[in-house]
Amino acid sequence: CRSTQPFCTRDGREILTDKMVHWTPEERSEITSTWSAINHKAVGTKALERMFSVYPWTTRYFSTIHGFTAEGHAIKVVGALDKAVKHLDDVKTQFKDLSKKHAEELHIDPGSFHLLTDCFIMELAHLEKCKFTPHTHATWAKFFKVVVDAISKQYH
Amino acid sequence: ESERVTRAATMIFTDNDKNEIMPIIKVLEQNAEKLGAESLARMFALYPGSKVYFHFEDFSAAGPKVKKHGAKVIGAITKAAHHLDDLHGHLEGLAETHGKVLLVDPQNFPKLCQCIEVTLASHLTEFLPSTHCSIDKLLTVICQILSSRYR
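If you read the protein sequences in the order shown, they are chains E and S. Number 130 in the numbering used here belongs to position 130 of the first sequence; there are no gaps in the numbering. Number 40 in the numbering used here belongs to position 40 of the second sequence; there are no gaps in the numbering.
Simulated from the structure, these hints should not be mistaken for lab results. Bear in mind that the values here come from a model prediction, so they are computed numbers and not experimental data. Where hints are given, some of them may not hold.
[Said to hold, decoys possible] Subject to a maximum C-alpha distance of 25 Å in a straight line, what follows is the list of computed SDA-like cross-link-like pairs (lysine to any residue):
1) E/K142 x S/F54
2) S/K72 x S/P23
3) E/K92 x S/Y47
[Unchecked claim] If you want the footprint, here are the derived chain E segments under chain S, 3+ residues with CB under 8 Å:
4) 47-56
5) 108-122
6) 136-144
[Unchecked claim] Distance ranges between label pairs, derived from CB positions:
7) S/T125 x E/A37: 15 to 23 Å
8) E/D149 x S/P48: 15 to 23 Å
9) S/N31 x E/P56: 23 to 31 Å
10) S/Q30 x E/T59: 33 to 41 Å
11) E/A37 x S/G75: 31 to 39 Å
12) E/T64 x S/F54: 42 to 50 Å
13) E/K76 x S/D15: 35 to 43 Å
14) S/E92 x E/A37: 17 to 25 Å
15) S/E57 x E/H107: 46 to 54 Å
16) S/F54 x E/F68: 42 to 50 Å
17) E/N39 x S/S130: 18 to 26 Å
18) S/T97 x E/T93: 47 to 55 Å
Every residue, glycine too, gets a C-beta built ideally from N, C-alpha and C.
With the hints as constraints, model all of the structure from the sequences given.
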């Protein structure tokens, strides 16, 4: 009986099956059109600053970075998100090195990634206002879940 | 039955928090049905499993039962905001109801709170991080109290 679930062989290789993220045309359209219409750096900076205010323990990760600014870091974050938007079917591969870096160098708790993406969602809601319907919200929640999964993937 | 309990303080509200919270509470009070229904509709859209607790024909923000329940939830939150000095005592009844009767999985509470915050962000002209932070403190402690009587 054929299974469509991915599974690992004993030596850790993941056997590829058809378990890929499925995006509807509507979801793709919403993500790409909204992303192209917003000021990435401004939204990214606001999301980071919101995260630092609402979840102050996250500031600890950045406190020793010489010359750190929210804006400077936002540029890196939205650069990665831009890659994700442009490769919706392949975010895991695109984020492989980034995930390794967060796991092995930066030692960010993977349980914390959603704190930043939740703040991105807040900024999008605040920007888009009544356009950010429950349906649109669900699309973006799905996108950011895919992003969080991808950046968490290389943790062991 | 008498029972010795220790009320552990889980959140401290400064005067600044109160100044941030109360205008938002006023908006919620004046739009309880609309904002409550939208918050629930967001939760049902993002977390379809949360629908298991309700027997609604229509889970959208326009659904009559969603509106009624939304108004109830927001009403309870805004009432609680006026009792910050004794939140534990004020919410004891609701905590018992959720913990012993409704048996809602407490993991759902923060999910609904997030949806309330997104609803506020999408309606308010301004929802600054400082306001968001104070509101999040209020909603977090309400979630904690509602989760406190299950065991």
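Now the hints, each set against the structure:
{"no.": "1", "hint": "E/K142 x S/F54", "in the structure": "holds, 23 Å"}
{"no.": "2", "hint": "S/K72 x S/P23", "in the structure": "holds, 19 Å"}
{"no.": "3", "hint": "E/K92 x S/Y47", "in the structure": "holds, 23 Å"}
{"no.": "4", "hint": "47-56", "in the structure": "holds (count 5)"}
{"no.": "5", "hint": "108-122", "in the structure": "holds (count 3)"}
{"no.": "6", "hint": "136-144", "in the structure": "holds (count 3)"}
{"no.": "7", "hint": "S/T125 x E/A37: 15 to 23 Å", "in the structure": "holds, 20 Å"}
{"no.": "8", "hint": "E/D149 x S/P48: 15 to 23 Å", "in the structure": "holds, 18 Å"}
{"no.": "9", "hint": "S/N31 x E/P56: 23 to 31 Å", "in the structure": "holds, 30 Å"}
{"no.": "10", "hint": "S/Q30 x E/T59: 33 to 41 Å", "in the structure": "holds, 35 Å"}
{"no.": "11", "hint": "E/A37 x S/G75: 31 to 39 Å", "in the structure": "holds, 37 Å"}
{"no.": "12", "hint": "E/T64 x S/F54: 42 to 50 Å", "in the structure": "holds, 48 Å"}
{"no.": "13", "hint": "E/K76 x S/D15: 35 to 43 Å", "in the structure": "holds, 38 Å"}
{"no.": "14", "hint": "S/E92 x E/A37: 17 to 25 Å", "in the structure": "violated, 48 Å"}
{"no.": "15", "hint": "S/E57 x E/H107: 46 to 54 Å", "in the structure": "holds, 49 Å"}
{"no.": "16", "hint": "S/F54 x E/F68: 42 to 50 Å", "in the structure": "holds, 46 Å"}
{"no.": "17", "hint": "E/N39 x S/S130: 18 to 26 Å", "in the structure": "holds, 22 Å"}
{"no.": "18", "hint": "S/T97 x E/T93: 47 to 55 Å", "in the structure": "holds, 48 Å"}
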